[in-house]
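Sequences and hints are given; from them, build the entire structure.
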Amino acid sequence: MKKIVALSIICLLVASSFTAYGQMIKRTDVVWARTTSSPITLDGKLLEADWAKAESLTVKFGADNGMPGSGYNTDGYPVTPPDPINAVVKFLVNGDSLYVAIIAKDSSIGAGGWPGPAKWEGILANIKNRASADRPVPAGEIYYAWNSEGWADPNTAIVGATPGYFGPYGGYNRWVDSAAGLLKAQIWDAKTFVDGVTNADSVIDKSYTIEFKINLKFYGYDPKAAGGDIVMFSLSIYDADWQWYRGADTVKNRFTINKAWLQGPWGNASVFGHLRVHVNPSVTVNSGAVPTVGPDLVIPGGGNYTVPAFDGKLDDAVWKNSGIGKLLLRWGSAPIRNAYPNTAPYRSGQFQPDVNGGKAAVIDGDTATIKYFYKGDTLYLGFDVKDKVVQSVPGVFDRWDGFRVMINARDARNGDSVLITRRFTFTIDSVGNAVRQEDLSQTGWDSLGQAVQVKLALKSGTTVDTLGASPDVGYTAEMKIALTKLGYPAGRGDGVLFFGVCMFDGDSFNPPTTSYGYRVWFMREQDWQDGAAWMWMDPNTVLSVGENYVAAPKEFKLIGNYPNPFNPTTTIKFSMPTTDEVTLEVYDILGRLVALQPLGVRYEGEQEVTFNASSLASGVYNYRLRTTANKTVVGRMLLVK
Numbered sequence: 000m001k002k003i004v005a006l007s008i009i010c011l012l013v014a015s016s017f018t019a020y021g022q023m024i025k026r027t028d029v030v031w032a033r034t035t036s037s038p039i040t041l042d043g044k045l046l047e048a049d050w051a052k053a054e055s056l057t058v059k060f061g062a063d064n065g066m067p068g069s070g071y072n073t074d075g076y077p078v079t080p081p082d083p084i085n086a087v088v089k090f091l092v093n094g095d096s097l098y099v100a101i102i103a104k105d106s107s108i109g110a111g112g113w114p115g116p117a118k119w120e121g122i123l124a125n126i127k128n129r130a131s132a133d134r135p136v137p138a139g140e141i142y143y144a145w146n147s148e149g150w151a152d153p154n155t156a157i158v159g160a161t162p163g164y165f166g167p168y169g170g171y172n173r174w175v176d177s178a179a180g181l182l183k184a185q186i187w188d189a190k191t192f193v194d195g196v197t198n199a200d201s202v203i204d205k206s207y208t209i210e211f212k213i214n215l216k217f218y219g220y221d222p223k224a225a226g227g228d229i230v231m232f233s234l235s236i237y238d239a240d241w242q243w244y245r246g247a248d249t250v251k252n253r254f255t256i257n258k259a260w261l262q263g264p265w266g267n268a269s270v271f272g273h274l275r276v277h278v279n280p281s282v283t284v285n286s287g288a289v290p291t292v293g294p295d296l297v298i299p300g301g302g303n304y305t306v307p308a309f310d311g312k313l314d315d316a317v318w319k320n321s322g323i324g325k326l327l328l329r330w331g332s333a334p335i336r337n338a339y340p341n342t343a344p345y346r347s348g349q350f351q352p353d354v355n356g357g358k359a360a361v362i363d364g365d366t367a368t369i370k371y372f373y374k375g376d377t378l379y380l381g382f383d384v385k386d387k388v389v390q391s392v393p394g395v396f397d398r399w400d401g402f403r404v405m406i407n408a409r410d411a412r413n414g415d416s417v418l419i420t421r422r423f424t425f426t427i428d429s430v431g432n433a434v435r436q437e438d439l440s441q442t443g444w445d446s447l448g449q450a451v452q453v454k455l456a457l458k459s460g461t462t463v464d465t466l467g468a469s470p471d472v473g474y475t476a477e478m479k480i481a482l483t484k485l486g487y488p489a490g491r492g493d494g495v496l497f498f499g500v501c502m503f504d505g506d507s508f509n510p511p512t513t514s515y516g517y518r519v520w521f522m523r524e525q526d527w528q529d530g531a532a533w534m535w536m537d538p539n540t541v542l543s544v545g546e547n548y549v550a551a552p553k554e555f556k557l558i559g560n561y562p563n564p565f566n567p568t569t570t571i572k573f574s575m576p577t578t579d580e581v582t583l584e585v586y587d588i589l590g591r592l593v594a595l596q597p598l599g600v601r602y603e604g605e606q607e608v609t610f611n612a613s614s615l616a617s618g619v620y621n622y623r624l625r626t627t628a629n630k631t632v633v634g635r636m637l638l639v640k
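Residue numbers for the sequence shown follow numbering that gives the first Met the number 0, beginning at 0 and rising by one.
FYI, nobody ran anything at the bench for these hints, they're computed from the structure. Idealized CB from N, CA, C, for every residue including glycine. Among the clues, some could well be false.
As the list claims (entries may be wrong) - Simulated DEER-style distance windows between Cβ atoms: (1) Ala288 to Ala616: 15 to 25 angstroms; (2) Asp221 to Leu615: 51 to 61 angstroms; (3) Ser206 to Ser37: 23 to 33 angstroms.
What the hints assert, rightly or not - The calculated lysine to aspartate or glutamate pairs, modelled on DMTMM-like cross-linking and capped at a C-alpha distance of 20 angstroms, are: (4) Lys484 to Glu437; (5) Lys370 to Asp315; (6) Lys458 to Glu554; (7) Lys387 to Asp464; (8) Lys325 to Asp397; (9) Lys553 to Asp353; (10) Lys458 to Asp363.
Right under this line is the structure:
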């Protein structure tokens with residue numbers, strides 16, 4: 000792959016959000032929380048000098064608060080607010096805590112309740128709970144508001160009251176959380192300063208400031224890690240105005256509701272997107288400009304390659320280029336998921352629904368390699384699937400074989416003013432053709448096939464049946480997407496894509512109780528879910544014709560280790576015919592296992608790993624490399640100290 004470095008600015012794109020060609024726009028789903036060692040007093044007043052040095056974002060009703068998940072609405076109330084949300088949000092880190100400040104201009108501050116729409120005012124945040132073993136990680140709700148509903152705190156409606164503490168780790172009486180053994184205030188706490196009088200419209204208020212302190216360690220983050228960390232966060236601001244006596248309000252009956260958010264509106268559910276709050280002990284209030292954050296994945300350009308023949312077979316030269324973009328999906332593979340970039344390991348996952356009344360053991364977990372590049376205004380995707388049971392069960396979603404590709408349109412927003420996600424979904428029919436589903440169906444958004452085309456091909460030795468009567472090899476598919484149909488200007492626009500992909504697999508057997516279906520996804524299972532990857536079609540990364548293509552070896556083979564004898568490290572080389580996870584096992588001469596080293600995902604071709612024997616005594620050791628497909632190779636090495 001060659002890098003093309005522009006020595007001068009070639010052109011400026013017309014849209015204001017675009018930067019010079021060859022340079023990615025600043026990520027709108029990212030903010031830095033600078034580290035400060037100076038103490039912060041939680042009082043809502045922001046008197047510390049370091050708050051003036053904090054990075055900030057704006058949250059406004061009626062404005063674009065950041066792609067892809069930010070938005071706003073009136074919560075169903077049919078009146079445009081005359082005094083809409085207008086806030087600045089700042090971020091700092093001190094010790095193990097994330098501090099968030101919200102400075103909101105507001106003429107009417109206070110609590111309300113049912114009946115009717117949400118008449119409360121305050122903050123609904125979601126810090127993804129990375130301490131959980133679940134994948135995707137669950138929501139961590141933080142709810143701090145003036146809410147006088149019976150289940151909440153009627154006292155927040157008293158004149159001059161401050162907000163109440165709600166959510167799983169809330170409670171205005173600040174009890175001890177039984178599971179964590181911590182005071183609620185040790186998990187998260189907040190204080191508010193109001194410039195005005197709450198719950199009394201006889202005085203026109205000016206603003207309020209909320210200051211949060213969130214225990215990052217409790218939620219599974221480490222802001223002190225040398226390499227930094229990324230906190231997954233969203234924040235929604237609710238505003239309900241003119242609920243009380245209107246002594247200072249000359250306009251009667253002007254009650255309004257509105258809310259606006261950064262990346263996601265809910266606290267107990269993860270939808271649309273999440274804000275990546277980057278923390279690093281080296282990025283301080285005095286360290287200068289914050290580092291630039293790059294894309295989650297880079298999409299290379301097709302360069303001088305001819306476009307694929309588009310027959311679904313992936314045998315064109317461009318698909319074989321070693322520099323082509325690659326993404327792996329596999330059922331039950333934590334190493335593959337953990338190798339994803341940035342926050343993707345925590346937003347990707349898998350799910351097995353009930354089939355025929357239960358969940359049978361998955362005996363054939365598919366492996367898919369998804370390849371990608373762009374050329375001109377077209378995005379190309381290739382799907383290479385290893386599947387021993389390729390089947391078609393029409394009309395049963397949980398039994399599909401196929402894929403759902405999710406990309407946000409850039410020219411359409413939903414009722415929450417969030418970019419709409421298009422679902423480019425295909426499944427396999429009884430003769431091995433692609434069936435267009437969801438937005439590609441006959442009643443879908445692209446019913447005429449003008450935006451997306453897809454072609455599928457069965458691998459040699461594969462037939463489509465309904466009972467798994469004969470073992471299969473798998474299938475391949477090609478998809479091409481006309482980006483201009485998604486709202487991108489000619490010339491790839493700003494080059495940014497918001498992307499997720501989900502693989503479907505359904506395997507049927509006799510007896511029916513042994514049948515199953517499952518889904519595995521990168522970043523998104525459904526179009527509305529949080530987690531789209533920020534991908535960039537990089538004009539500086541271009542595939543070179545004929546570059547570095549070497550046919551994959553035909554077998555799993557040990558090349559050897561060197562040096563041998565060694566002290567204390569040696570490099571073990573081996574070749575892979577296909578992508579798989581590999582584990583290194585080392586045994587002494589008595590056959591006892593003395594070292595076990597997971598090597599993670601290894602791609603086809605030659606691979607190598609360094610083994611450190613500093614904790615072992617001198618002697619002869621046997622070692623074995625094992626794949627998840629149960630292929631093994633063995634070797635012998637001599638440690639001399």
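Status of the hints after comparison with the structure:
no. : hint                                 : verdict
1   : Ala288 to Ala616: 15 to 25 angstroms : violated, 52 angstroms
2   : Asp221 to Leu615: 51 to 61 angstroms : violated, 31 angstroms
3   : Ser206 to Ser37: 23 to 33 angstroms  : holds, 25 angstroms
4   : Lys484 to Glu437                     : holds, 17 angstroms
5   : Lys370 to Asp315                     : holds, 12 angstroms
6   : Lys458 to Glu554                     : holds, 19 angstroms
7   : Lys387 to Asp464                     : holds, 11 angstroms
8   : Lys325 to Asp397                     : violated, 26 angstroms
9   : Lys553 to Asp353                     : violated, 38 angstroms
10  : Lys458 to Asp363                     : holds, 17 angstroms
In terms of the numbered hints stated before, the structure departs from hints 1, 2, 8, 9, listed from lowest to highest.
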